[in-house]
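Q: Sequence:
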Amino acid sequence: MARPATRSLPGREICSLRSAERRIPRPSISGTILAPVRPSRDRPSFSNMTPPPWCCLGRLPRGSSMVSFVSRQPDMNEKTTFDALTRDIFQRRLIGIAEEMSASLRRASYSSIIWDMYDYSCAILSPDGEILAQAETIPAQLGILQVACRDVVKVIPLETWEDGDAIICNDPYQGCTHTPDIVLFSPVIHDGKLVAIAATIAHHVDIGGKTPCTTAPDNTEVFGEGLIFPPLRLVSKGVPNDDLFRMLAANVRHPQSSLGDLRAQIAGCRTAERRLKELAARYGTNLFLQLNDAVLAYGENYMTAALREREGVVVSATVQIEDEIASDEPITMVCRASVSDGCIQVDFSGTSDQRANALNCPYASTVSLASYAVKTAFAPDSPQNGGFMRPIHVIAPRGSVLNPKRPAAVGSRHYAAQAVAEVVLRALCRMPGVAGYAGSQISFPAVKAGGFDTRPERRNANGEAPYFIITDIMGGGSGATAQGDGLNAIDTHGGNCSILSAEIMETASPVRVLRTELVEGSGGKGAHEGGMALRREYELLCDGVNVNVYVQQMRDYARPWGEAGGAPGQAAGSHLNPGTDRETALPPKALALTPGKGAVIRLQSSGGGGWGDPADRVEGQSA
1 MARPATRSLP GREICSLRSA ERRIPRPSIS GTILAPVRPS RDRPSFSNMT
51 PPPWCCLGRL PRGSSMVSFV SRQPDMNEKT TFDALTRDIF QRRLIGIAEE
101 MSASLRRASY SSIIWDMYDY SCAILSPDGE ILAQAETIPA QLGILQVACR
151 DVVKVIPLET WEDGDAIICN DPYQGCTHTP DIVLFSPVIH DGKLVAIAAT
201 IAHHVDIGGK TPCTTAPDNT EVFGEGLIFP PLRLVSKGVP NDDLFRMLAA
251 NVRHPQSSLG DLRAQIAGCR TAERRLKELA ARYGTNLFLQ LNDAVLAYGE
301 NYMTAALRER EGVVVSATVQ IEDEIASDEP ITMVCRASVS DGCIQVDFSG
351 TSDQRANALN CPYASTVSLA SYAVKTAFAP DSPQNGGFMR PIHVIAPRGS
401 VLNPKRPAAV GSRHYAAQAV AEVVLRALCR MPGVAGYAGS QISFPAVKAG
451 GFDTRPERRN ANGEAPYFII TDIMGGGSGA TAQGDGLNAI DTHGGNCSIL
501 SAEIMETASP VRVLRTELVE GSGGKGAHEG GMALRREYEL LCDGVNVNVY
551 VQQMRDYARP WGEAGGAPGQ AAGSHLNPGT DRETALPPKA LALTPGKGAV
601 IRLQSSGGGG WGDPADRVEG QSA
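Quick note: the sequence shown, position 78, residue 78 per this note's numbering, numbers continuous.
Derived by calculation from the structure, the hints in this document are not laboratory data.
Please note that the accuracy of each hint is not assured.
Claimed, not checked - Quick list of in silico lysine-lysine cross-link-like pairs, BS3-like style, CA-CA up to 25 Å:
#1 K277 x K237
#2 K277 x K193
#3 K193 x K237
#4 K210 x K597
#5 K405 x K210
#6 K237 x K154
#7 K237 x K405
#8 K193 x K154
Unchecked claim - With beta-carbon atoms standing in for the labels, derived distance ranges:
#9 T86 x G433: 29 to 35 Å
#10 I89 x L514: 21 to 27 Å
#11 E162 x D243: 16 to 22 Å
#12 R455 x E162: 48 to 54 Å
#13 D556 x P407: 31 to 37 Å
Since the structure is predicted, the reported quantities are computational estimates derived from the model, not experimental observations.
Cβ coordinates follow ideal geometry from the N, Cα and C atoms, glycine included.
Generate the whole structure from the sequences, applying the supplied hints.
A: Following this line, the structure appears as structure tokens:
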């Protein structure tokens with residue numbers, strides 16, 4: 001295993017605890033990690049909640065909400081009996097446990113969106129609900145677990161959690177993202193004390209609602225987006241709540257997958273429980289809890305030191321994405337970031353009001369993606385835990401697209417969420433010491449299909465056609481930076497999913513992948529060029545298939561921007577029956593298509609923006 005990288009900050013040397021097991025190149029801004037890359041192969045309003053002691057929530061002018069995570073004061077009467085090396089070894093062990101629970105969940109899952117596309121996350125939380133360690137999966141989901149835990153414990157207090165419990169929640173207005181992302185929390189109790197919380201979040205391929213895969217962008221209320229679980233005990237003292245399992249099975253399109261994936265999440269939590277109890281037994285309960293505090297304090301100090309280098313700086317930026325469902329007016333994201341006293345305030349005042357569709361982004365997702373962007377810009381090598389979130393304060397006006405009021409629909413919130421990362425990074429790259437950054441693809445091309453596979457060879461012994469459901473998403477080009485070209489065909493920012501393997505799609509559904517290719521010349525020109533877009537074509541092999549196609553960044557105003565004289569990336573697009581006399585350009589949200597057997601759908605993501613004057617490019621330069 002490669003040695004961890006080191007980074008010097010004032011007065012100390014910092015050892016990166018990032019996993020060295022994945023040796024895959026990543027785009028960067030001043031060494032900033034943008035997104036891991038894998039080969040092509042989640043009722044009461046937030047602002048009305050009273051948070052626990054470690055989270056401060058305030059009402060601000062204009063109905064805004066602000067969240068900040070503050071240090072929990074350790075018990076100074078207990079002697080600290082460890083050094084920095086012990087702390088680092090302990091944190092590395094926590095990361096290993098998180099990766100092990102991730103492997104357990106993935107191997108036990110049923111849906112390709114989990115075991116092939118990696119749309120899930122695992123983490124270990126402190127007894128106070130702050131992330132101690134996480135597996136390297138989906139950035140957009142991991143920050144959410146901290147917010148979700150805060151809301152869950154308001155309904156089911158921690159003192160009532162018992163060994164063997166598993167708490168379920170997917171309510172977007174109680175700290176979660178959208179209904180397909182189901183969150184599970186399990187307490188880890190050793191010697192009668194809560195020492196940690198095991199947490200998983202996984203995207204379920206279907207949770208009910210009016211369309212296959214649930215996430216229809218034209219929904220106007222969250223009630224049309226499938227089953228909503230408020231915080232409930234799915235498992236109590238090790239005994240599953242069979243009533244909840246039966247209710248889930250009766251309301252989804254593919255019960256076997258949904259139930260199997262939920263049990264896989266339980267398996268991931270159980271893996272963490274076993275390993276964490278072993279670790280607590282090794283260190284002793286008191287030292288284990290002290291090390292928890294030390295791990296979080298280290299992350300906080302690292303981020304604070306990085307922010308103090310930009311003391312007093314104020315920057316702002318704007319990004320637009322398409323709506324074209326409820327309105328022809330684009331959705332505008334406005335970010336103002338200011339650094340003061342070692343903390344950063346990220347303020348989205350001026351952002352568009354919530355829309356009468358499912359493009360709204362729940363506040364938990366806004367916090368998560370904003371925090372990701374801050375860490376990306378300033379402290380990429382800091383520990384991946386809740387400590388780094390403590391100096392970050394996120395403000396979003398209540399009733400805006402980034403903090404909608406219930407019952408606004410939020411099923412397609414990922415389009416707005418990716419734009420959160422873009423607009424924050426665009427602003428932060430104007431701060432001193434942060435390298436220039438051009439816009440990345442946040443086009444998020446997705447195809448979701450469901451129906452009966454009526455091909456004769458797929459019918460069962462009784463002649464019945466099986467029901468199928470499948471989803472695929474595509475990456476695109478990341479933006480170039482002052483340091484080099486953008487990367488090709490990656491799921492940027494909060495995504496990090498893999499493209500669905502063609503073999504899996506063709507085995508599980510009557511959809512054939514005709515081609516998957518890079519789009520030459522799609523990256524913006526510049527001294528450093530943007531990454532290339534991805535193009536994929538799908539052929540339907542039977543009639544009656546219901547297809548929904550979603551793409552962003554199709555309009556000129558939404559293309560990934562160029563920076564420092566670089567050109568913008570190529571726009572995304574989607575077409576039905578390309579290259580024929582029946583070719584049709586599809587809108588950004590093409591819903592409830594039934595084009596019939598033999599129809600071909602082409603999706604293309606956007607290319608990344610270029611950085612610098614194209615005249616300064618060195619021939620033969622590569623990313």
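Q: State for each hint whether it applies.
A: Hint-by-hint comparison with the structure:
Straight-line distance between C-alpha atoms of K277 and K237 comes to about 16 Å, which keeps the hinted pair within the 25 Å bound. A threshold of 25 Å between alpha carbons decides the hint, and for K277 with K193 the separation of about 11 Å falls inside it, so the pair holds. Distance check on the hinted pair: K193 and K237 sit about 15 Å apart at the alpha-carbon level, within 25 Å; holds. Taken as a hint, the K210 and K597 pair is honoured in the structure, with Cα atoms around 23 Å apart against an allowance of 25 Å.
Pair hint K405 plus K210 holds up; C-alpha atoms about 22 Å apart against a cutoff of 25 Å. Pair hint K237 plus K154 holds up; C-alpha atoms about 20 Å apart against a cutoff of 25 Å. Between K237 and K405 the alpha-carbon distance is near 35 Å, which puts this suggested pair outside the 25 Å criterion. At roughly 19 Å between alpha-carbon atoms, K193 and K154 fall within 25 Å of each other, so this suggested pair holds.
Separated by about 32 Å at the C-beta atoms, T86 and G433 satisfy the suggested range of 29 to 35 Å. At roughly 51 Å, the beta carbons of I89 and L514 sit outside the given window of 21 to 27 Å. The beta-carbon spacing between E162 and D243, approximately 19 Å, falls within the hinted interval of 16 to 22 Å. Evaluation of the 48 to 54 Å hint for R455 and E162 yields a pass: the beta carbon distance comes to about 50 Å.
Judged by the Cβ atoms, the range 31 to 37 Å given for D556 and P407 holds: they are separated by roughly 34 Å.
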